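Trainee: If you're matching positions, the sequence shown starts at 1 in UniProt numbering and goes up one per residue.
Worth flagging that the hints you see were computed from the coordinates, not collected in a lab. Here the structure is a predicted model, which means the values were calculated and not measured. Where is the CB? At the ideal position from N, CA and C, for every residue including glycine. Don't take each hint at face value.
To be verified - EDC-like, lysine to aspartate or glutamate: derived pairs with alpha carbons at most 16 Å apart:
| id | residue 1 | residue 2 |
| --- | --- | --- |
| 1 | Lys62 | Glu40 |
| 2 | Lys67 | Asp91 |
| 3 | Lys68 | Asp91 |
| 4 | Lys46 | Glu36 |
| 5 | Lys59 | Asp84 |
| 6 | Lys68 | Glu40 |
| 7 | Lys59 | Glu40 |
| 8 | Lys59 | Glu36 |
| 9 | Lys65 | Asp91 |
| 10 | Lys67 | Glu40 |
| 11 | Lys62 | Asp91 |
Said to hold, decoys possible - What follows is a list of derived Cβ distance ranges for each label pair:
| id | residue 1 | residue 2 | range |
| --- | --- | --- | --- |
| 12 | Lys65 | Ser106 | 30 to 38 Å |
| 13 | Lys65 | Gln103 | 26 to 34 Å |
| 14 | Asn15 | Arg43 | 17 to 25 Å |
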Amino acid sequence: MVHIILIQNLLVPFNFHIHARCCVTQAYQIRRLLLEILQEVSRKNKQRHGITVDELAEKLYKSLKGKKYHIFFDDLWDIRQRNDFSASFLDNNLGSRIIFTSQFHSIASQIESRSITYPLNLYYQMLQVGSYCK
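The whole structure should be built from the sequences, with the hints applied where relevant.
Mentor: Here it is, written out as structure tokens:
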């Protein structure tokens, strides 16, 4: 829901060179995550099955270097997940943005001090619960 609102905002496509999104989930696999983002960033369907996780992370870093990007990670369950792939998203001082959503306030509080945390309001949480109950 948050991703849809952000991406559909007319300002986002005009302000960033690259957009990518992925759902991290509790069944987290860094390889799947890196492949998913790299495919969206490069917009190519290259076969990358024999490439290591480190090589994927490096390819992603090189694809983003020098560009203003907007990456959206939905459903972060553990701060270690974010730490696993953070090296690919070094600050390039171009105004790039990385957005995380999580059900856990403790994760938001562990992310860099200059990050801004926006707790979901009660109405949004109730909508989420309602959609799960259907």
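Trainee: Confirm or reject each hint.
Mentor: A quick look at each hint next to the structure:
no.	hint	result
1	Lys62 x Glu40	14 Å, holds
2	Lys67 x Asp91	11 Å, holds
3	Lys68 x Asp91	10 Å, holds
4	Lys46 x Glu36	12 Å, holds
5	Lys59 x Asp84	15 Å, holds
6	Lys68 x Glu40	15 Å, holds
7	Lys59 x Glu40	13 Å, holds
8	Lys59 x Glu36	13 Å, holds
9	Lys65 x Asp91	9 Å, holds
10	Lys67 x Glu40	14 Å, holds
11	Lys62 x Asp91	13 Å, holds
12	Lys65 x Ser106: 30 to 38 Å	32 Å, holds
13	Lys65 x Gln103: 26 to 34 Å	32 Å, holds
14	Asn15 x Arg43: 17 to 25 Å	18 Å, holds
Checked against the numbered hints given earlier, this structure breaks none of them.
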